[in-house]
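Trainee: Sequence:
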Amino acid sequence: MASQKSVKEIKQSLVDNVLTQQQLQLLHTDKRKGVQIALNQYYKRLEQEKKLKDQFNQMMTYERKCHAEGKKIVVGIDEVGRGPLAGPVVAAAVVLDETCYLPGINDSKKMSRQKREFFYEKIQKAAVSYSFGIIDNKTIDKINIYQATIKAMKQAIGGLSQQPDHLLIDAMDLSDLPYSSDSIIKGDQKSVSIAAASILAKVKRDYIMAELHHQYPNYDFEKNQGYGTKAHLDAIKNYGITPYHRQSFAPIKK
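Throughout the sequence shown, residue numbering follows my numbering, covering 2 to 255 in sequence.
Simulated from the structure, these hints should not be mistaken for lab results. Glycine residues also receive a C-beta, built at the ideal position from the N, C-alpha and C atoms. There's no promise every hint is true.
[Said to hold, decoys possible] Okay, derived cross-link-like pairs now, DSBU-like style, lysine-lysine, Cα gap no bigger than 35 Å in a straight line:
| id | residue 1 | residue 2 |
| --- | --- | --- |
| 1 | Lys238 | Lys123 |
| 2 | Lys34 | Lys51 |
| 3 | Lys152 | Lys191 |
| 4 | Lys110 | Lys139 |
| 5 | Lys123 | Lys66 |
| 6 | Lys9 | Lys116 |
| 7 | Lys66 | Lys205 |
| 8 | Lys110 | Lys187 |
| 9 | Lys143 | Lys205 |
| 10 | Lys187 | Lys224 |
| 11 | Lys205 | Lys51 |
| 12 | Lys116 | Lys66 |
| 13 | Lys34 | Lys45 |
| 14 | Lys110 | Lys224 |
| 15 | Lys54 | Lys205 |
| 16 | Lys111 | Lys51 |
[What the hints assert, rightly or not] Label-pair ranges, simulated between beta-carbon atoms:
| id | residue 1 | residue 2 | range |
| --- | --- | --- | --- |
| 17 | Ala251 | Lys116 | 28 to 34 Å |
| 18 | Asn239 | Gln115 | 31 to 37 Å |
| 19 | Ile242 | Arg65 | 44 to 50 Å |
Using the sequences and the accompanying hints, generate a full structural model.
Mentor: Structure follows, in structure tokens:
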């Protein structure tokens, strides 16, 4: 019986999730403190797993509606980098398999760097197709950040290996494209596909800014990602701007 096993064996059985309901009930009568602690941890883990599953299912609402309508290639699109004083704006487009399961996925801004990088790898493996759109600072200065964002998104969509049936976009209007679409406010919190795109775009841009940091260490791009922190603004005062700064953005713009 499970209750006759060592505490270590019981812990492992709980981790492996191999115990029957009857065996679990027997563990409740086991008076060993280690067993009760392990049992408590087991139920907390199950509760957390259910919470993540429920959240994931809620975030699949748009995708499942599309699939039910026969739209198989559903593309999530998001961008990162509209606000910084330096670096590109980066968009990502991603098509996830209908059966993919990514519990814990969320808006990239709500995740730690470590978690984003974990999902960055996981999403790329789970994706049917994904692509990036990268628009540099000079183009941003030329056509403005809004148009550059649109351009980045269209570039990302154009790089996909499959023709979209439907677009799920985080709060932008791409209605001039020949695809049906939903523009969703806070879409990276409401759609798995948009959340996946937000993570891909964020991590990709962070890698780009880390490369720029090695070229221009005085600006600390690896930490600030080009945003106007006090240290970044002080560096601009002390050293001037780099070729990667956006000259149409205040306070750089004269």
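Trainee: Each hint: holds or not?
Mentor: Here is what the structure says about each hint:
Straight-line distance between C-alpha atoms of Lys238 and Lys123 comes to about 41 Å, which puts the hinted pair past the 35 Å bound. A C-alpha spacing of about 26 Å is found between Lys34 and Lys51, which places the hinted pair at or below 35 Å, so the restraint holds. Of the pairs offered as hints, the one joining Lys152 and Lys191 holds, with about 24 Å between alpha carbons and a cut-off of 35 Å not exceeded. Straight-line distance between C-alpha atoms of Lys110 and Lys139 comes to about 26 Å, which keeps the hinted pair within the 35 Å bound.
Under the criterion of a C-alpha separation no larger than 35 Å, the hint pairing Lys123 with Lys66 is consistent with the structure, at around 24 Å. Pair hint Lys9 plus Lys116 holds up; C-alpha atoms about 30 Å apart against a cutoff of 35 Å. The straight-line distance between the Cα atoms of Lys66 and Lys205 is roughly 29 Å, inside the 35 Å bound, and the hint therefore holds. For the given pair, Lys110 sits about 11 Å from Lys187 by alpha-carbon distance, which is consistent with the 35 Å threshold.
Proposed proximity of Lys143 and Lys205 is supported: the alpha carbons are some 23 Å apart, at most 35 Å. Distance check on the hinted pair: Lys187 and Lys224 sit about 25 Å apart at the alpha-carbon level, within 35 Å; holds. Proximity of Lys205 to Lys51 is assessed by CA-CA distance (about 31 Å); at most 35 Å being required, the pair is judged to hold. Proximity of Lys116 to Lys66 is assessed by CA-CA distance (about 28 Å); at most 35 Å being required, the pair is judged to hold.
For the suggested pair Lys34 and Lys45, the alpha carbons sit about 17 Å apart, so the restraint of at most 35 Å is met. About 15 Å separates the Cα atoms of Lys110 and Lys224, which keeps this hinted pair within 35 Å; it holds. The suggested pairing of Lys54 with Lys205 holds, with an alpha-carbon distance near 27 Å, which does not exceed 35 Å. Taken as a hint, the Lys111 and Lys51 pair is honoured in the structure, with Cα atoms around 20 Å apart against an allowance of 35 Å.
A beta carbon spacing of about 33 Å between Ala251 and Lys116 agrees with the range 28 to 34 Å that was offered as a hint. About 32 Å separates the C-beta atoms of Asn239 and Gln115, a value consistent with the hinted range of 31 to 37 Å. The given range of 44 to 50 Å is respected by Ile242 and Arg65, whose C-beta atoms sit roughly 47 Å from each other.
Of the hints listed earlier, the one the structure fails to meet is number 1.
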